[in-house]
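Reconstruct the complex from the two isolated chains, following the hints.
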Amino acid sequence: MEKEKIQFANTEDVVIKIEGLYKSFGELEVLKGVDLMLQKGENLAVLGRSGSGKSVLIKILAGLLKPDKGNVTMLGKQLNQLKPKQLDELRLRMGFSFQSSALYDGMSVYDNLSFPLTMNVKHLSKKQVNDAVEEALDAVGLIDKIESDPEELSGGQRKRLGIARTLIMKPEIMLYDEPTAGLDPVTCAEINALIVEVQQQYKTSSIIITHDLTCAKNTCERIAMLIDGAFLKIGTFDEVFATDEEQIKKFFSYNFTL
Amino acid sequence: MNNLGTNKYLFSKGIDSYFEGVYNGYQFTLRFFKEAFRSPFHFREIINQCFEIGLKSLSLITLTGFIIGVVFTKQSRPSLESFGAVSWLPSLMGIAIIRALGPLVTSLICAGKVGSSISAELGSMKVTEQIDAMEVSAINPFKYLVVSRVVATSISIPILSFYCSFIGLIGSYYNVSSEEATSLQVFYHNAFSNISFLDIFSSFTKALVYGFTIGIVSSYKGFFATHGTRGVGKATNQAVILSIFLIFLEELIIVQIVNWIRYF
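Which chain is which? The protein sequence lines are D and H, in order.
full-length UniProt numbering numbers the first residue of the first sequence as 1 and each following residue consecutively.
full-length UniProt numbering numbers the first residue of the second sequence as 1 and each following residue consecutively.
Looking at chain H on its own, in the form it has when it is part of the complex (with noise of 0.2 Å):
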């Protein structure tokens, strides 16, 4: 780059760090995938961070759940009603939770909470040099660190999209036995009636996508936080939006392709 004369960017600041950036974090992702399969596991350190990603949530999941369920079955009577469909309402409800809901609002919840709580910590770890103090002991902080809460995310988060949608079904339940007499026994076959084995698989890989996605986001975002305190507010703030924007486009690509295979 120096024989580029006196400007010593390729193209400019921005889009070098910008193209650094993409590269270092597909260094990150191999590394992850490396060491994943590596021994020592710490399946201890995993369990905690399960119980930390997954347990912890599961309030907020419960709640906006319910909510989400309520709320939608709501808003799509009158659209169904016009057509004099509202007996379409539980199936309706059940393709929109389980193959698109449920995923969505448990990883954009989840890229919030634990997101930025993976980014915060590691990165008050890494400035305060316990990240060094872990390497100098001769403890693998990436496999440690890392690997436990990727995997973490990773087994939590699809666990939880299903609780949501569960919840999301209860809530849209409740409205529907609000409006009609309806047993929670005939909603839920109706709501289940038109899901095949592929909504509910492209549900789980979904969840997992963006579970996996989360956790290497934060960890990396936060495994290399710099300038202090205000670098690690910084580091958790892009973890979150880069989480958010990455889960969505992965909801694009995933549609298409299941739809693909739906289809074919």
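Chain D with its partners taken away, still in its complex shape (with noise of 0.2 Å):
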């Protein structure tokens, strides 16, 4: 299995660079050397089958997980060098969006969006709070929904509150966790859209972790394929599909079988 090789190029438009990145839990070896880097702009998804190590990857990136070996540079800080405080800052310039969602179920639609504004922004009068809720509610389409509370909504409306709670600290770089699973078909070209409409009106770079082609081949200019723990092939989805690899092949023919 040959590593795809990663050019390092334009490194001012570079928002997120991977290199080297190991990640073992026990005796069972998750990442064995990752290395990946995002354009400023662009959306990546990185595809690969359960297991293969893609949360694990995006939790790195979010600093939710320590890798053994290996750095990732974003927005120009290398995380390991980050102290906590120091770390919070970059994170407020990044959203996650979580496979689950993860919307705080003892607050309501407006407190889920409300709550991550006033922990981290002092002196916001209650107008400034209530129109940043309003703004990012309307960019996924459920400003309707405002007073209900999460669990009197929809998976796909999840979803899309769990983008909009990113939203509200207007970040600069996205991370989607499986942004489509669970999501019957119609659902999923909404949040495809979604997706691409986050990255036009509030020009994100974003990665997006899935293992569901569609949303690979609408959301994203490249994709990478993460075969056992390391990127076996980058590009876009033509060339990637075009390639004599034969776990790729095997994992494409598999999609469009089902």
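Note that these hints are calculated values from the structure, not bench results.
For clarity, every value in this text was computed on a predicted model and none was experimentally measured.
There's no promise every hint is true.
As the list claims (entries may be wrong) - Only pairs whose alpha carbons sit at most 25 Å apart, straight line, appear in this in silico SDA-like list of lysine to any residue:
id	chain 1	residue 1	chain 2	residue 2
1	D	Lys66	H	Val127
2	D	Lys85	H	Ala36
3	D	Lys217	D	Gly155
4	D	Lys59	H	Phe28
5	H	Lys34	D	Leu82
6	D	Lys85	H	Arg38
7	H	Lys13	D	Asp88
8	D	Lys77	H	Lys13
9	D	Lys203	H	Glu135
10	D	Lys40	D	Gly26
11	D	Lys77	D	Gly26
12	D	Lys122	H	Asn140
13	D	Lys203	D	Thr73
14	D	Lys85	H	Pro141
15	D	Lys66	H	Pro141
16	D	Lys83	H	Lys8
17	D	Lys17	D	Asp35
18	D	Lys40	D	Gly155
19	D	Lys122	H	Phe28
20	D	Lys59	H	Lys13
21	H	Lys8	D	Leu65
22	H	Lys8	D	Gly26
23	D	Lys122	H	Pro40
24	D	Lys66	H	Asp132
25	D	Lys85	H	Asn140
26	D	Lys66	H	Glu45
To be verified - Residues of chain H placed beyond 10 Å of chain D at every Cβ, according to the derived structure:
id	residue
27	Ser17
28	Met125
29	Thr128
30	Tyr188
31	Glu250
Positions of the beta carbon are idealized from the N, C-alpha and C atoms, including for glycine.
Spelled out as structure tokens, the structure:
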């Protein structure tokens, strides 16, 4: 298995740079030397089978897990050199959309959105908070649900609310963990459209962890195939699709068969 | 540990995980003290938690405190009667309730009611990634969730404990007044005749220590819950059992210390 060679060009446009990332849990090696870079304004999908290390990778990017070896540079800051306060400052510039949406179930839709804002930005007036919440809800088409509780929302609406909660801090980088998992095809298409809208409206650069080829094709400029803990191929959808690599062909053929 | 050949455990899986648990609990407690005195302080969340813990336990504490007062007075009466010492009943109940029963009963009830609720809530938040969501939103989940709950239990349980003692004495008076013609004023005067500042102070200290124990144990178990909903159930169960065990252990230690001070 030959690993994809990364060309680190135009470094001023690189918002995320991952170099030689390794992560193990006990004797299980999950990431075995991952290299990747994300350009400013780009959407990149990380495709791979379940257990290939996709979620571990995104959790390392969000600072939720520490790598055993390797470097992650995000918006010019090296993650492993940051103090907790500096990491929090960086986190305010990135948004993380969880697979499970991870909505605060003890809070209303309004509170789910206002909570990160009021906790991180001091001295905001009630009107400023209301305006920010309404703007974020409007962006995801959930303005009519402002007074609802999260349990009253459908799966797709929960995903949208999870994305809105990240948008309220106006992130520069978005990290999506399986944004279309468990959704019907129509809702998947709506979420895909929303991801592209967020990219255009908020000028974000995104990494989208998914095993959904339609999502990857419709939302991303490039895709990266994560096989057995390392990237086997990185390129446009057509470039990766046209590869002769057996494991990638197998992944694509199973997805299209299903 | 790998240099021990094929055996990857230092002693055995059970013993290793026990010591690991003790060490992690120690680290967790240490982190509480580091975070508790560092800004920002989430006063609103502490007040919310005091309301959840304190006010919502009030009816249960009232009922239990009253019943305990009545039952203990009823049970003690025959023994005192056999010595012709029924007049000592208020004094005996004052000592029993204020020194021991008030804080102990309150904390045992709270270990079940409040401890399980904290552990289940934090455990659910953990397995549904809500704690991770806070962390990636640059909100310190330990400070917001754990510190506020531990501070709230440490404030609420001493207050509830004194309230329980007061209600327990009312229950005791109810029983005494049904048998003898005693006024509430005389009953309370007798009940407090043998109560010293040390008794009040030790009662408060006990309740404070028990409140802290319930908060920290329940938060610890919930904060590190794993393996989905089953793990949350397990964490909740362990939180209640461990809290009750530690409360009895602390009772033993505090009583020894207070007795030592009393007779010093």
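Now the hints, each set against the structure:
no. : hint                  : verdict
1   : D:Lys66 <-> H:Val127  : 19 Å, holds
2   : D:Lys85 <-> H:Ala36   : 17 Å, holds
3   : D:Lys217 <-> D:Gly155 : 22 Å, holds
4   : D:Lys59 <-> H:Phe28   : 23 Å, holds
5   : H:Lys34 <-> D:Leu82   : 20 Å, holds
6   : D:Lys85 <-> H:Arg38   : 13 Å, holds
7   : H:Lys13 <-> D:Asp88   : 37 Å, violated
8   : D:Lys77 <-> H:Lys13   : 40 Å, violated
9   : D:Lys203 <-> H:Glu135 : 24 Å, holds
10  : D:Lys40 <-> D:Gly26   : 35 Å, violated
11  : D:Lys77 <-> D:Gly26   : 29 Å, violated
12  : D:Lys122 <-> H:Asn140 : 15 Å, holds
13  : D:Lys203 <-> D:Thr73  : 20 Å, holds
14  : D:Lys85 <-> H:Pro141  : 14 Å, holds
15  : D:Lys66 <-> H:Pro141  : 18 Å, holds
16  : D:Lys83 <-> H:Lys8    : 33 Å, violated
17  : D:Lys17 <-> D:Asp35   : 8 Å, holds
18  : D:Lys40 <-> D:Gly155  : 30 Å, violated
19  : D:Lys122 <-> H:Phe28  : 29 Å, violated
20  : D:Lys59 <-> H:Lys13   : 29 Å, violated
21  : H:Lys8 <-> D:Leu65    : 24 Å, holds
22  : H:Lys8 <-> D:Gly26    : 11 Å, holds
23  : D:Lys122 <-> H:Pro40  : 11 Å, holds
24  : D:Lys66 <-> H:Asp132  : 14 Å, holds
25  : D:Lys85 <-> H:Asn140  : 10 Å, holds
26  : D:Lys66 <-> H:Glu45   : 30 Å, violated
27  : Ser17                 : 14 Å, holds
28  : Met125                : 8 Å, violated
29  : Thr128                : 6 Å, violated
30  : Tyr188                : 42 Å, holds
31  : Glu250                : 31 Å, holds
When each numbered hint is compared with the structure, violations occur for hints 7, 8, 10, 11, 16, 18, 19, 20, 26, 28 and 29.
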